[in-house]
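Quick mapping for you: the protein sequence lines, in order, are chains A and B.
Under the numbering used here, residues 1 to 246 are what the first sequence spells out, in order.
Under the numbering used here, residues 1001 to 1103 are what the second sequence spells out, in order.
If you're looking for bench data, these hints aren't it; they were derived computationally from the structure.
Keep in mind that this is a model prediction, so the values were computed, not measured.
Note that CB positions come from ideal geometry on N, CA and C, so glycine has one too.
It is possible that part of the hints are untrue.
[As the list claims (entries may be wrong)] If you anchor each label on the Cβ, the simulated ranges turn out as follows:
# : chain 1 : residue 1 : chain 2 : residue 2 : range
1 : B       : W1080     : A       : H28       : 28 to 34 Å
2 : A       : D244      : B       : A1102     : 47 to 53 Å
3 : B       : A1024     : A       : D199      : 28 to 34 Å
4 : B       : L1098     : A       : H243      : 51 to 57 Å
[What the hints assert, rightly or not] A few chain A residues that don't get close to chain B, going by computed Cβ distances all over 12 Å:
#  : residue
5  : G27
6  : A32
7  : R98
8  : L125
9  : D143
10 : A144
11 : R148
12 : L159
13 : S163
14 : I167
15 : V170
16 : I184
[What the hints assert, rightly or not] Derived coverage of chain A by chain B (criterion: at least 3 residues anywhere in the stretch with Cβ under 8 Å from a Cβ of chain B; other residues may be distant):
#  : stretch
17 : 81-91
18 : 190-198
19 : 233-239
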Amino acid sequence: MTVTITRPRPRPRSRAGGSERGTRPRGHVDAAPLILGYLPFALVMGASITASSVANVAGWASSPLIFAGASQLALLEVLDGGSTVAIAVMTALAINLRHVMYSASLAPWMAGQDWRWRLAAPLLLNDPQFLLVSRRFPELPDDAAKRRYYLELGLTLLLAWSSMTAIGVVIGSRLPDTLPFDVIVPLTFLALLVPSLTDRPSIGAAVAGGSVAVVAHGLPLHLGLLAGILAGVAAGMGLDEEHDDA
Amino acid sequence: MRDWMAIVAVGLGTYLLRASMIVAHRTSSAAEERTPRALGHLTPAVLAALVAPAFLVTDGAVQVQGPVLLAAVAGGLVAWRTRGIPQVLVTGLAVHQLATWAW
């Protein structure tokens, strides 16, 4: 699932004071407002599954199996467009490559946990999980409390995301065919895109990615999409260099 | 079958991405600090590459449709101001509907 929530606060500890003093953060409590925020996304996701060529059960299974909304919706779009498995998988994984950063960020703490925990915990490590865990971990007293918070949050989000997608599938199959999915789906992507435009390199990446994808849209097998992605990343890296040199 | 293969492959691949640094924990070096920055550009690049053709390409040709473009502009402004998906969807769809009637 990609960010609807605001960026992490620079000073997590300062938020812990005041009214929250003495009460330990609980994962399922922190999950509640996020779940509300993700509800429309999950409904769009579920309804898009029913409107696509992808079987309802397979499309729904992407929620527990992938557990990252933007990549699930992109995968659905590309598969529905009749592309090859390879291109569809590459597109979705490209969206999820940022999870490597989350993995790197939690790695030092995870190194102190046993191997079963280190193998299982990444299953739940998506955008909201990472943002909240990084914000809350400094407030938690010990490893046991951190592990419990991680599980409370992650399992609540997993359960909620999977059930809300299911509701979307059920409602979606009963909706009239006239709903403009050709507008709803890109609007959802747009809502995810705009908050990711945080500096010049990210804006450059988006402009280059979008323009090349439009110009190259005629290429077979959705290769225009990959061309756009590569151009975007190259532009972003180019602007990084410029920034470094300055 | 094709769809299941793709979904399972993305699920597995995403797990490997999330587990990568946790399982193979090494202390960070300069090279590793650079890599995540390139990865950070993927999200805007991919999302823009999905969004732009969806709004600007119709039936295989680059053409601007008034209602769709208005919905995109309104949605973009709301996304910028509120960062909330519900607000973007409601505004975008309302503008699209109104513009379709008016066109």
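Provide an ascending list of the numbers of those earlier hints which the structure does not satisfy. The structure breaks hints 4, 7, 8 and 16; every other hint is satisfied.
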